[in-house]
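The hints should help you fit chain B onto chain A, whose structure is shown.
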Amino acid sequence: MAKTLPAAVVVETQAAAEPLSPAAFLVAKSAWRWPEILFWLSAFGLILLLPNRHLLLNEIAILGLFALSLDLILGYAGIVSLGHAAFFGVGAYAAGLLAKHGISEPVTGLVLSGAIAGCVGLLTSFMILRGTDLTRLMVTLGVALILHELANRLDWLTGGADGLLGVSVGPILRRFDFDFAGTTAYVYSLTTAFLLFLLARRIVHSPFGLSLKALKDNRLRAATIGIAPNRRIVAIYTLAAVYAGMAGALLTQTTQFVSLEVLDFARSADALLVLVIGGSGYLYGGLIGAIAFKLMKDTLSAMTPAYWIFWMGFILVILVLIGRDRLMAALARPFAPLLRRLGARRS
Amino acid sequence: MLTILFDGVAYGMLLFVLAAGLAVTLGLMNFVNLAHGAFAMAGGYATVVLMNRFGLPFLACLPLAFLFSAALGLAAERLLYRHMYERSHLDQVLFSIGLVFMAIAATDWLMGSQQQSVRLPAWLQGRIMFGEVGIGIYRLFIVVICGLMALGLQWVLAKTRFGSQLRAAVDDRRVARGLGIPVGKVFAITFAFGSGLAGLGGALGAEIVGLDPTFPLKFMLYFLIVVTVGGTSSLTGPLLAALLLGVADVMGKYLVPQLGAFIIYAMMLAVLMIRPQGLFARGR
Numbered sequence: 002m003a004k005t006l007p008a009a010v011v012v013e014t015q016a017a018a019e020p021l022s023p024a025a026f027l028v029a030k031s032a033w034r035w036p037e038i039l040f041w042l043s044a045f046g047l048i049l050l051l052p053n054r055h056l057l058l059n060e061i062a063i064l065g066l067f068a069l070s071l072d073l074i075l076g077y078a079g080i081v082s083l084g085h086a087a088f089f090g091v092g093a094y095a096a097g098l099l100a101k102h103g104i105s106e107p108v109t110g111l112v113l114s115g116a117i118a119g120c121v122g123l124l125t126s127f128m129i130l131r132g133t134d135l136t137r138l139m140v141t142l143g144v145a146l147i148l149h150e151l152a153n154r155l156d157w158l159t160g161g162a163d164g165l166l167g168v169s170v171g172p173i174l175r176r177f178d179f180d181f182a183g184t185t186a187y188v189y190s191l192t193t194a195f196l197l198f199l200l201a202r203r204i205v206h207s208p209f210g211l212s213l214k215a216l217k218d219n220r221l222r223a224a225t226i227g228i229a230p231n232r233r234i235v236a237i238y239t240l241a242a243v244y245a246g247m248a249g250a251l252l253t254q255t256t257q258f259v260s261l262e263v264l265d266f267a268r269s270a271d272a273l274l275v276l277v278i279g280g281s282g283y284l285y286g287g288l289i290g291a292i293a294f295k296l297m298k299d300t301l302s303a304m305t306p307a308y309w310i311f312w313m314g315f316i317l318v319i320l321v322l323i324g325r326d327r328l329m330a331a332l333a334r335p336f337a338p339l340l341r342r343l344g345a346r347r348s
Numbered sequence: 025m026l027t028i029l030f031d032g033v034a035y036g037m038l039l040f041v042l043a044a045g046l047a048v049t050l051g052l053m054n055f056v057n058l059a060h061g062a063f064a065m066a067g068g069y070a071t072v073v074l075m076n077r078f079g080l081p082f083l084a085c086l087p088l089a090f091l092f093s094a095a096l097g098l099a100a101e102r103l104l105y106r107h108m109y110e111r112s113h114l115d116q117v118l119f120s121i122g123l124v125f126m127a128i129a130a131t132d133w134l135m136g137s138q139q140q141s142v143r144l145p146a147w148l149q150g151r152i153m154f155g156e157v158g159i160g161i162y163r164l165f166i167v168v169i170c171g172l173m174a175l176g177l178q179w180v181l182a183k184t185r186f187g188s189q190l191r192a193a194v195d196d197r198r199v200a201r202g203l204g205i206p207v208g209k210v211f212a213i214t215f216a217f218g219s220g221l222a223g224l225g226g227a228l229g230a231e232i233v234g235l236d237p238t239f240p241l242k243f244m245l246y247f248l249i250v251v252t253v254g255g256t257s258s259l260t261g262p263l264l265a266a267l268l269l270g271v272a273d274v275m276g277k278y279l280v281p282q283l284g285a286f287i288i289y290a291m292m293l294a295v296l297m298i299r300p301q302g303l304f305a306r307g308r
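Taken in sequence, the protein lines are chains A and B. Numbering-wise (our numbering), the first sequence opens with residue 2 and increments by one. Numbering-wise (our numbering), the second sequence opens with residue 25 and increments by one.
Hint data in this document are derived by calculation from the structure and do not stem from the laboratory. Quantities reported herein were computed from a predicted structural model and do not represent experimental measurements. Certain hints may be false.
Said to hold, decoys possible - Simulated coverage check for chain A against chain B, where a stretch passes if three residues somewhere in it have a Cβ under 8 Å from a Cβ of chain B:
id, stretch
1, 131-137
2, 140-147
3, 239-250
As the list claims (entries may be wrong) - Simulated restraints on C-beta separations:
id, chain 1, residue 1, chain 2, residue 2, range
4, B, Lys-209, A, Glu-262, 42 to 48 Å
5, A, Arg-154, B, Leu-144, 31 to 37 Å
6, B, Met-275, A, Pro-52, 54 to 60 Å
7, B, Phe-154, A, Cys-120, 34 to 40 Å
Where a beta carbon is used, it is the ideal one built from N, C-alpha and C, also for glycine.
One chain only, chain A, in its complex shape:
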């Protein structure tokens, strides 16, 4: 994908130069297309259509949001992260602790957790500015491991390996209580995901978003035309951390439990796999990938419960070996017009 992008950017800038002013070009890029509207309508429609699958749908919405946050740094800024679960976990624990110690209103908790995860993201973002892909890989992985170890050791605060118990979440906005069927949870998670998606969409279609893509393609060249790389990377990394933290907070609030599992390496790998399935760099990849991933996981672990991880690895290997782009293009060909309208730019 990386190889085709420079050409695409060139085409875009040419297109912007000739018929459209830059501002008009950006406006045209960000116009809503009908499949996008359809996608969100059906997502909200499922509230009524599949009333007994809301728990699963809730998980999909959360995973989708998490993958979306990874997409922001992977698909738009080109940072390969093996430890994105760090921020998910920080958000999850923050939400759990807030709910346990008084602030039981979910929306407040959600915003605060996002902010806390964002702070962690801001602090760690300075570590990924230097070095190669490999260094960044190690740093992100290292940060996630340190946080995992912290959560494990500080058992007076986090409950350690037993998980954080006694998380009681109040009604949303003091009006809507969580129910056992997960309807409130799904509506809550989906609404949050939708609002955050709107924000992300606005951001990636802004001049800032375009400059990120330029950075991803060629950092040196981008720097010479006056795009300051470091500030932008810090900004997007922090934003992605906020998103991931909110996804984690959603998980805590809807399940009323936090365990060490939120910081697992497997969670970071899950998010990567979701993006591989859905494709990265057009925002919907995370959401579509999350749907496919959860459905696959459901069927595969129903067949072989203990060895689901094998199939996950198998899918990754096959996908990469055949070529992510090629395979996905073949699979997506019937839906190509649809995907293009969603804003995917693969040829």
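The following block gives chain B in isolation, referenced to the frame of chain A:
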């Protein structure tokens, strides 16, 4: 105190042998292979099966473990890895994570998820005293074997015809091919040898670091630390990094157990922030 230091050195040596193959594939060939631990695990399990089921002596198992892992590595290189050399780092990461997951599940299915243990022969147990310092015989054994391996590797890489072919192939694949160096073959042999070393390390280390199906994931970071901290341009860097890591880890666990693995991770982050290209590397 010196005993702890020596344990650390032994552990570091072990880590070096485990990670030496990775130092070549990742460091020299610039291929991000997160599945390196899987080959080490294969060697460890080969030893366990050979010893417990077929009753072979420990010493005979070591070369067999090496061969087993090397054969696995060769097969994997020819069938799978070969196609990944030219891909982006993201692809390589995803691919090798996939392999790790498969290896974990397959081992779990074949061998069960419990810890495996290796029974050492009597002459390797116990410890000898040098004045005040007690040294475990097995630890000494590991240091000797791994030290020899490190010397041998350095010699092969620096002095032999194969070593220079490998270095040429790594520097510029196309030119090396043009000069008549069988690049594919050189890479395959190197990869197999590296996997074999990992297998040997796994066999040696089963007694010290334990062996269960999550081994590749648990030690992935350790291997990566050895290579990235050591720098990716020679073998001495990784060796020193492995020793440093081993000593720091063992000392940390003995002296300040409540800190756990923090020391290692914090050290790694600090080194990577100050010198992203590794401690002992020449700047590129």
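Verification of the supplied hints:
1. Here the stretch 131-137 of chain A counts 6 residues with a CB under 8 Å from a CB of chain B, which clears the bar of 3, and the coverage holds.
2. For the stretch 140-147 of chain A, the stated coverage by chain B holds: 6 residues have a C-beta nearer than 8 Å to a C-beta of that chain, and at least 3 were required.
3. Counting residues of the stretch 239-250 of chain A whose CB lies closer than 8 Å to any CB of chain B gives 0, which falls below the minimum of 3, so the coverage claim is violated.
4. For Lys-209 (chain B) and Glu-262 (chain A), the hinted distance range of 42 to 48 Å is satisfied, since their beta carbons lie about 45 Å from each other.
5. One distance hint, 31 to 37 Å for the beta-carbon pair Arg-154 (chain A) and Leu-144 (chain B), holds here, with the actual separation near 33 Å.
6. Checked against the hint of 54 to 60 Å, the C-beta distance between Met-275 (chain B) and Pro-52 (chain A) comes to roughly 59 Å, which is consistent with it.
7. At roughly 52 Å, the beta-carbon separation of Phe-154 (chain B) and Cys-120 (chain A) lies outside the given 34 to 40 Å, and the hint is violated.
This entry does not satisfy hints 3 and 7, going by the numbered hints stated previously.
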